[in-house]
Amino acid sequence: MNALNSIPISYYLMFCSMLFCIGVIGVLIKRNALVILMSVELMINSINLLLAAFSAYSNDPAGQIFVFFIMVVAAAEVAIGLAIIVLIYKTTHSIDIDVLNKLKW
Amino acid sequence: MNSIISLSVLGVLVLFLGILKKKTWLLPLILPGLLISLVMTVLHWNMNRGLFHNMIIIDNTGVAFSAVLIFSTFLIFMLAAQYYRKVIRPLDDIYAIMIFALVGAVLMCYFGNLIMLFIGIETLSIALYVLAGSHKEAITSNEATLKYFLLGSFLSGFLLFGIALLYGSSGSFDLYTIHAYVVSHIQQGLPPMFKAGLFLLIIGLSFKIAIAPFHFWAPDVYEGTPTLLTAFMASVVKIASVVAMYRFFSITFFGIHGVWEMTVAILAGITIIIGNVTGIYQPNLKRMLAYSSISHSGYMMLAMVAFSGYTATALLFYAVAYSVATISAFAILILVREAKGNDYFGSFNNLAKHNRIEAFTLAVAMLSLTGIPPLAGFMGKYFLFSAAIEQGWLWLVIIAIAGSAVSVGYYFKPIIAMYFREDQETVLQAGPSYKAHILFLTLLTILLGFLPFLLSGLI
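Going down the list, the sequences are from chains A and B. Every letter in the first sequence is one number past the one before it in the working numbering, and letter 25, counting from 1, is 705. Every letter in the second sequence is one number past the one before it in the working numbering, and letter 70, counting from 1, is 1045.
Hints are not guaranteed to be accurate.
Result set (DSS-like, lysine-lysine): computed pairs, CA atoms no more than 27 Å apart in a straight line [stated by the list, open to error]:
1) Lys1315/B / Lys782/A
2) Lys782/A / Lys1122/B
3) Lys770/A / Lys1122/B
4) Lys996/B / Lys1111/B
5) Lys1122/B / Lys710/A
6) Lys782/A / Lys1061/B
7) Lys1111/B / Lys997/B
8) Lys1111/B / Lys998/B
9) Lys1111/B / Lys782/A
10) Lys710/A / Lys1111/B
11) Lys1061/B / Lys770/A
12) Lys1388/B / Lys782/A
13) Lys770/A / Lys1111/B
14) Lys1328/B / Lys1388/B
15) Lys782/A / Lys710/A
No wet-lab data here; the hints were simulated from the structure.
The whole structure should be built from the sequences, with the hints applied where relevant.
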């Protein structure tokens, strides 16, 4: 706890925001559906870290409980996401998102 | 709470019944089951209490909106027998996932804690990703589900980051604690972290409602998704997301003005303009209905901008009118797509000659969505716009009225095609019960227009 308190909360905030931004950039520039999924996971994990840090600093367990909820939901989301990617691969033999052009903007 | 439990049990029962591989047994279980949960929901009227340390708060607004959601799902399930007529497999999975999505939607009407908001949204979204791709052989359905999934999980990240920042500044997920924090800090100004969190939360919810500029997924996903499930997305999912946003603001910012109204008002204005103008250029009815749903979510945002005790009623009435009209439009769309194989406006030519009931239903739905008096859509818009004017949002109401005027340009396209264009004759294959159901929907639209006090005095 002491080691934690010697680092100001703003450091955690900056660190998690940067991780989150790396995830966002990954989603925006990558073309491979699997890599996009990984970037989304990075975003979600940065949020988990931020919630845990806030929770530890305010001595309130609710934030850490919420992290468990997020982990469960993220796991469910990954399960569905991988199933969808397998489905796409079966029909188009590619998981590049540029093949998705049947429906126009 | 009763409705969440009974709907979950119903979903599990449907899954178990799937083991028997009897397709015809499913709907006779689901339809009464939904009606029972509807009754159980209404029994909570005037209960007004928090459950599980205010994780779930049952109040009349939540009860009324979850009753609307369950009723809309009931109306959609009435179309399922016709839509899946030629499918041989039992379909228990699709029906069960629809019911589980409804559980998430109902949770979004009752939440009293941001954790429950997140769980509700994700229960709804994850079920929808599966439903959007449920036509596994069609490449359009595959594409719709991947687009929806990637964008949906991406924007869920923004929503979560917003919740984390709100938690970091206010120290709690509980809506009433956040409200107390806002009340005590409004004088010296809210910290930037809180404002950033609020902004990210608005972005995340706007995506779920399909508010411009986060609406780009909606037309593609609506077009690729199987039509019955598009009706589910356009009615139940949209209303649930709007209600979640309304509930968040109405509890957290109760009696506080000037923090978020302008952001939401600008988003609503952009949504109304983009939804209506782009709607004119759509080649087929399904994409047009997608843009119609976008512009209607813009109108529903007026209830949040002009928040007062009176707008909940207006939003409720609007939600019912919009949902009934949209479902009846999709009911006809299902028939036309089955008979013609596509839904370009040319397919509607000369439809009124042999299909009087179907053409009349679609015409009434389109007129109600436009807001022509005396139909339900007009009364809904009247309540919403007058509430907004009362709160001093005249410029936004002018944009909304101009948007409604523009929307005539696309809502009248199928009507003109059905009644005035000559073409070879088509006979739609609708059974008697289906016809009775669409007549019921039409009657509901007309009745609500003439007797708005049936709903308007409720909450």
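Results of checking the hints against the structure:
no.: 1; hint: Lys1315/B / Lys782/A; in the structure: 20 Å, holds
no.: 2; hint: Lys782/A / Lys1122/B; in the structure: 12 Å, holds
no.: 3; hint: Lys770/A / Lys1122/B; in the structure: 16 Å, holds
no.: 4; hint: Lys996/B / Lys1111/B; in the structure: 20 Å, holds
no.: 5; hint: Lys1122/B / Lys710/A; in the structure: 14 Å, holds
no.: 6; hint: Lys782/A / Lys1061/B; in the structure: 25 Å, holds
no.: 7; hint: Lys1111/B / Lys997/B; in the structure: 21 Å, holds
no.: 8; hint: Lys1111/B / Lys998/B; in the structure: 19 Å, holds
no.: 9; hint: Lys1111/B / Lys782/A; in the structure: 15 Å, holds
no.: 10; hint: Lys710/A / Lys1111/B; in the structure: 26 Å, holds
no.: 11; hint: Lys1061/B / Lys770/A; in the structure: 24 Å, holds
no.: 12; hint: Lys1388/B / Lys782/A; in the structure: 25 Å, holds
no.: 13; hint: Lys770/A / Lys1111/B; in the structure: 10 Å, holds
no.: 14; hint: Lys1328/B / Lys1388/B; in the structure: 17 Å, holds
no.: 15; hint: Lys782/A / Lys710/A; in the structure: 20 Å, holds
The structure meets every hint from the earlier list without exception.
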